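> Okay, here's what each chain looks like letter by letter:
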Amino acid sequence: MAETTTSALSPEIQAAVNADTKTQLDDGVEKRVPLLLGDPSFNDVTEIVCRPVEWTVPRAWYIFFGCAAMLLGVLVLSTAYLFWEGTGIWGLNNPVSWGWAIVNFVFWVGIGHAGTLISAILFLLRQKWRTSINRFAEAMTIFAVMCALLFPTIHVGRVWLLYYVFPLPNQMAMWPNFRSPLLWDVFAVTIYGTVSIVFWYTGLIPDLATLRDRAKTRVRRIVYGIFSLGWRGSARHWQHYEKAYGMLAGLATPLVLSVHSVVSFDFAVAQLPGWHTTIFPPYFVAGAIYSGFGMVITLMVIARKLFGLERIVTLRHFDNMAKITLLTGSIVGYAYSMEFFIAWYSGNPYETFTFINRAFGPYAWAYWIMVTCNVIVPQIFWFKKARTHMGVLFVVSILVNVGMWFERFVIVASSLSRDFLPSSWDYFSPTIWDIAAFVGSFGLFFFMFSLFVRFLPMVSMAEVKTVLPKADPHHGHHDDDHGDDHHGDDHDHGDDDAKEEEE
Amino acid sequence: MAVIFPRWTNRIPFYLGAGGPVVLGGLIFAIWYWFSPQYTDVGYQPRQPIPFSHKLHAGNLGLDCRYCHNTVERAAHAAIPPTSTCMGCHEKLVKPNSIPLAPLRAAHAAGKPVKWVKVHMLPDYAYFNHSVHLAAGVGCTSCHGRIDQMPIVTQKQPLSMSWCLECHRNPKPHLRPLDQITNMAWDSKKAGYDPDKDPMRKRKVNPPTYCSGCHR
Numbered sequence: 014m015a016e017t018t019t020s021a022l023s024p025e026i027q028a029a030v031n032a033d034t035k036t037q038l039d040d041g042v043e044k045r046v047p048l049l050l051g052d053p054s055f056n057d058v059t060e061i062v063c064r065p066v067e068w069t070v071p072r073a074w075y076i077f078f079g080c081a082a083m084l085l086g087v088l089v090l091s092t093a094y095l096f097w098e099g100t101g102i103w104g105l106n107n108p109v110s111w112g113w114a115i116v117n118f119v120f121w122v123g124i125g126h127a128g129t130l131i132s133a134i135l136f137l138l139r140q141k142w143r144t145s146i147n148r149f150a151e152a153m154t155i156f157a158v159m160c161a162l163l164f165p166t167i168h169v170g171r172v173w174l175l176y177y178v179f180p181l182p183n184q185m186a187m188w189p190n191f192r193s194p195l196l197w198d199v200f201a202v203t204i205y206g207t208v209s210i211v212f213w214y215t216g217l218i219p220d221l222a223t224l225r226d227r228a229k230t231r232v233r234r235i236v237y238g239i240f241s242l243g244w245r246g247s248a249r250h251w252q253h254y255e256k257a258y259g260m261l262a263g264l265a266t267p268l269v270l271s272v273h274s275v276v277s278f279d280f281a282v283a284q285l286p287g288w289h290t291t292i293f294p295p296y297f298v299a300g301a302i303y304s305g306f307g308m309v310i311t312l313m314v315i316a317r318k319l320f321g322l323e324r325i326v327t328l329r330h331f332d333n334m335a336k337i338t339l340l341t342g343s344i345v346g347y348a349y350s351m352e353f354f355i356a357w358y359s360g361n362p363y364e365t366f367t368f369i370n371r372a373f374g375p376y377a378w379a380y381w382i383m384v385t386c387n388v389i390v391p392q393i394f395w396f397k398k399a400r401t402h403m404g405v406l407f408v409v410s411i412l413v414n415v416g417m418w419f420e421r422f423v424i425v426a427s428s429l430s431r432d433f434l435p436s437s438w439d440y441f442s443p444t445i446w447d448i449a450a451f452v453g454s455f456g457l458f459f460f461m462f463s464l465f466v467r468f469l470p471m472v473s474m475a476e477v478k479t480v481l482p483k484a485d486p487h488h489g490h491h492d493d494d495h496g497d498d499h500h501g502d503d504h505d506h507g508d509d510d511a512k513e514e515e516e
Numbered sequence: 006m007a008v009i010f011p012r013w014t015n016r017i018p019f020y021l022g023a024g025g026p027v028v029l030g031g032l033i034f035a036i037w038y039w040f041s042p043q044y045t046d047v048g049y050q051p052r053q054p055i056p057f058s059h060k061l062h063a064g065n066l067g068l069d070c071r072y073c074h075n076t077v078e079r080a081a082h083a084a085i086p087p088t089s090t091c092m093g094c095h096e097k098l099v100k101p102n103s104i105p106l107a108p109l110r111a112a113h114a115a116g117k118p119v120k121w122v123k124v125h126m127l128p129d130y131a132y133f134n135h136s137v138h139l140a141a142g143v144g145c146t147s148c149h150g151r152i153d154q155m156p157i158v159t160q161k162q163p164l165s166m167s168w169c170l171e172c173h174r175n176p177k178p179h180l181r182p183l184d185q186i187t188n189m190a191w192d193s194k195k196a197g198y199d200p201d202k203d204p205m206r207k208r209k210v211n212p213p214t215y216c217s218g219c220h221r
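Chains as they are written, first to last, in our numbering: chain P, 14 to 516; chain W, 6 to 221.
Source of the hints: derived by calculation from the structure; they are not laboratory data. Here the structure is a predicted model, which means the values were calculated and not measured. Ideal placement from N, C-alpha and C gives every residue a C-beta, glycine not left out. Among the clues, some could well be false.
Said to hold, decoys possible - Which residues of chain P face chain W? A partial, calculated answer using Cβ under 7 Å:
hint, residue
1, P182
2, Q184
3, R234
4, G238
With the hints as extra help, turn the sequences into a complete structure.
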């Protein structure tokens, strides 16, 4: 059980995977290929998913974790110095008072959008392929929201006065300014973070129970036992679980759209040319989903290889994710061109200047990086070959997030640095502390992520099992799949099959 | 399946669910109540180097506040009198050999001030101007209480931001005729005073409630 090789596939399964790879892309509606490869049994799913949690941890994990911890150290140190010294250590200047902190905030919140989209919206739309990647994407969402919340928090300068943003009774007769979009942000992002965590945790409970029942050490049994909340997998448990999950999905769905709309209000409600635009909410939401899927692809390409998830996360999943990336990337490209159109069509000289300045002014380099990465590069996903090639997916998905970071940088820096009063114009350059905080936030993200892959199941076992052909009550009777809705009675009690077949 | 936890642990989620909001609410209440200036500052009564009695001087003898705090009408700061003000009476006429006044005589001889302990303290980031408040017709007692009845000066009001704002948002009940500012016994309820109908007042009192009014 404690093999440390990177591929979990035995030769015969590998052969089955290879055979399936030929057919798995041929998903004509009539004869859809199964979502999982090699026709795994319920127990196979449990074994594949539990392996990275239960194996002898490979050295690679320690190296990765160590690097992430060091970057996290950079974040802690730079933040400590920031608290000591104030925001003056950053490259902020008089017109550009928002700088990288807000760029990073929007960047991370955006990344956090894929998780809830996959888990909530695709759940309600009965997109079964989501089951292989939802746990992973939700974890990514939560860690991204943590990074996102960090930046406005440290950007306030006097961080010990942060409680001002909450409506708490106090002797100052001070109350948050409910007309400020910055306050809406506080509520939008904290609600989003809370709902994401509750949703994620609810989905984890049956799988935690599986891990509890498989645990070999006392500590694991107790810890997983506490967090699985006494789950025994009875029919009543499942009934409550399904209800709660459905309701949380319904609750999370509007949040997917609202959070980044509210984030865009930070800009759109201001009166600065280049910010004050009605297109911002939909454009930001599309961009957020775009960058979120980019991040899921980046991480999934690595994790799939590293933890031997090829049978569960198949090329079809990547194909679908790449299609969403292409769609949202094109929406973002449309928004860019529409901004220019409106700048011209409105006849507003300030608006016109702002956009000409964006494309040809001092930040033209950033603007064209953004256009290249966000609009041109993802067009390669029109080709199926590119959508299913791991190398292409990996590179493009990273470029997507490079582009999305630059999008936020262009919006923040180019508009602020050329405001209404030419005498106050200034150019923003980051200092070493800006860079340290940004790089360090990746440390926080990967630190949390490496803990996640080490101690929690990366794939929702219970849900993946429901999309196996065996889970279909009509399985074996006839071939058509009109029995889609009957999936309430096919959940297996995680530990049963594991125990039976382990011996 | 082996039993991992004893039966009573089933009730932990209930206790957490019921206790969590109570603890959180209690914490907010505790900070709101016990950390507020109303609780921490009101009643502050430091020991002074000389047992100077406002009750004797302002109450029994009827000295006007401005006899000692002479800049109060003209400056932001109400001056603490120099030793020479005290010695005007105490050098020859009144109790020139009093034992409690020995520190005063020593300070005066050395040309140094008496180190009075400040009672009413505002934070440095809050701007306050005595003269503006007097010109608007806010009496001494509104903030300092009945000084003329205090043998030792005590802080009577919280001097917190909400306390300031209470008056800034609705100053009318706290205003009095401009010649009654230092009258400790003046009672707004008995007087039935309406600042809007006072011919002595040249302009309407309009205190700031925006941030930079006080945080400049």
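> List, from low to high, the hint numbers that the structure doesn't satisfy.
Those not satisfied: there are none.
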